[in-house]
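Trainee: Residue-level listing of the chains:
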Amino acid sequence: MRGAQVAPLRAAPAGLTDALDVVAGFDDALVDGFGRVGERGASALTAFADAFTGTPLGAPVAVAVDAVIAGSVAPQHLAALAGARSALLGAAHDALLAQLDETLGRTRSPWTTPTSVPSEAPAALAGARAWWHEVALTGWRGVDHELLSVAAGVVETSLLVPELRRIAVLLDGLAAELRACVPVATMAQVPARRWADLWARGVLLAEGTPPPDATPSVSGRLLPLGVDVHSHDTAVQVQLHAILEPADGGPARLVRTAVTAAKVDTIVGPAIWRLLSHHPALLTALADKRALTVTDLPLRGGDLSWVDDRVRLDEPADPFATARVLLPAATTAATDPLDRHPAGIAEPVLVEGPVIRDEADALAVEVDGERIPLAVDRLPAAGPLTVDLVATASACLGLLRWDDGRWQLQPLAVLGTVKRRTVQAHNGDWACGVTDPKIAKEEARAGDAVAVLRERAGRLLRR
Amino acid sequence: MTNADEADWRRRSVVAVLPPARPRKLAKVPFVELADGRLQGVVSSGSDVERVYVSSIAADTHAYQCSTNNNRPCGGLRATPCKHLHALADEALLQYGVDRVARYLRVDVGDGVASGAELLARLDGQPEPASAAVVFSRFLRHLAYLEVPVSTAPQPELHWFPATRAGR
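So the protein sequences, as listed, match chains U and L. Here this note's numbering is used: the first residue of the first sequence is 1, the next is one more, and so on. Here this note's numbering is used: the first residue of the second sequence is 1, the next is one more, and so on.
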């Protein structure tokens, strides 16, 4: 990525600010709850409904807002509101990504799979639907321990159903935050956008998952770029961004593939890799910087499904070389419309330039006189990237992210400087074990959390 | 992503609302939580691998309790907290940090506390019966997470939950 590609990102796409203002009004109303909206909430929701005038969502949203203001909210009203909010942020996502694609010269194939209506919602979703309904009525300020214990029950039943994993993981993450924040009324600031994002997604997921579509399969060589790690107390997702060179000789594609493990709060840092020990090829590819040969893996949009026995380790492949040579011309794919949200934007780029400290003492990478702020609060403790190491970097391979009006680069790997020598450091370096002797010693002292808990589970569960 | 003390949470999708737990040794005290209005957890018996103690301190009254998971009273529990409660308090401070534990137990640690013993010395509760079953079943549910199979379907919602170094 060059400086000339950074400058255009400073201008917000047309209409974005207005759309987000409308969303902010909605989010504030949800803080107080839709059960009893005051004057301010009513006018914010009316403005929200007005934003959809003349669109297919216009009528259902107007009806839903009237129902909220009249104090007679039914489930279909909340579904309409959640859908409309998601549509607005989906449009924001599309505008931001179009801007980014244009400046990067990235080709994105459109989403072609028709979005199908869920055939029948599994019975286990009834509890989830009721919970999202209740929380919308009471608002974040009204959340209490009783409502949170209901959430725990919903998580417990849905975690066991593979199709409901997403809603279980989402609800468990949100509920833990609420539990730590109750009583919300005493919080100095409520994360209104964040919680409304999660609420709207939860309501949509609770409508049921569409039947699986016929996903095309691909074969070829997978060249890793970097790995992004997500986690809350009870889940960790490792998402690999990579270039796929199709075996049929088609153009290189930018894809991602993810595995998610359930965990508990005390499994943190490098210990998370041990939860993924059933995927040795993935871990070795990350730790040893190896390419992978993949055969007939399902590819849905840009998401490649990991299937262990269809993946084989290949030659070593330097992610920086892959980013330099293959990433600029790689084509990519659109996201499932229901998953579109600015928070989901994670576009791999290589920025070759020094990391500097700006006037506010924040880290940024500088290229051709332009600066991109670094999201150094997204460095996982599971890998070797620290703020100090990133500060020495001469190149960053990372993900462009957008939140609250600005773009940031989340480093996945850096060319750093240690004792005047250039070193590569990647998030996935410790996938097969910690390679930094100092950290390895700390880990050894703490003991193997996963093994201790599995031993306890073996003795105490199923009795 | 930004921290609690930074400017505006309102319009951000990604903020670190809940700091991740800090790493600690789990062998002695496999489970600690601040939940149900109590600091509660499970302490492994030093002598019998099959036995665990369930220990808890109520946030409102500071009443404390310790018994085996089969509700047999802990022999060490008298007018002062037993060694299991000490271990529980030690590990809670490691896992959550002094501030969060003190806030939850509504205890003033103005000049700080360095150990579980110092924390317990600032509480003014009495031993009071409490059911071990509730805490123990929460521990079993906690362990059950490790039995949930790995999923290879993408979880787009986890983009709201980036892994972070905070807390370490």
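No lab work stands behind these hints, which were simulated from the structure alone. Worth double-checking, as some hints may not be accurate.
[Said to hold, decoys possible] Here are a few chain L residues that face chain U, going by a calculated C-beta distance under 10 Å: (1) 76; (2) 78; (3) 145; (4) 146; (5) 149; (6) 155.
Think of the CB as a built atom: it goes at the ideal place given N, C-alpha and C, for glycine as much as any other residue.
Trainee: Against chain U, is residue 76/L within 10 Å by beta-carbon distance?
Mentor: 21 Å, violated
Trainee: With chain U as the partner, please determine if residue 149/L meets the hint condition of a C-beta pair closer than 10 Å.
Mentor: Where the cut-off is 10 Å and the nearest Cβ of chain U is about 8 Å from residue 149/L, the hint holds.
Trainee: Checking hints one by one. Is residue 145/L an interface residue toward chain U, by the C-beta closer than 10 Å rule?
Mentor: With a closest approach of 5 Å, the residue 145/L hint holds.
Trainee: Does residue 155/L pass the interface check with chain U, least Cβ-Cβ distance below 10 Å?
Mentor: 5 Å, holds
Trainee: How about residue 146/L: closest beta carbon in chain U under 10 Å, or not?
Mentor: 6 Å, holds
Trainee: Return the status of the interface hint for residue 78/L: holds when the least beta-carbon distance to chain U is below 10 Å, violated otherwise.
Mentor: 27 Å, violated
The structure fails to meet hints 1, 2 from the earlier list, while all remaining hints are met.
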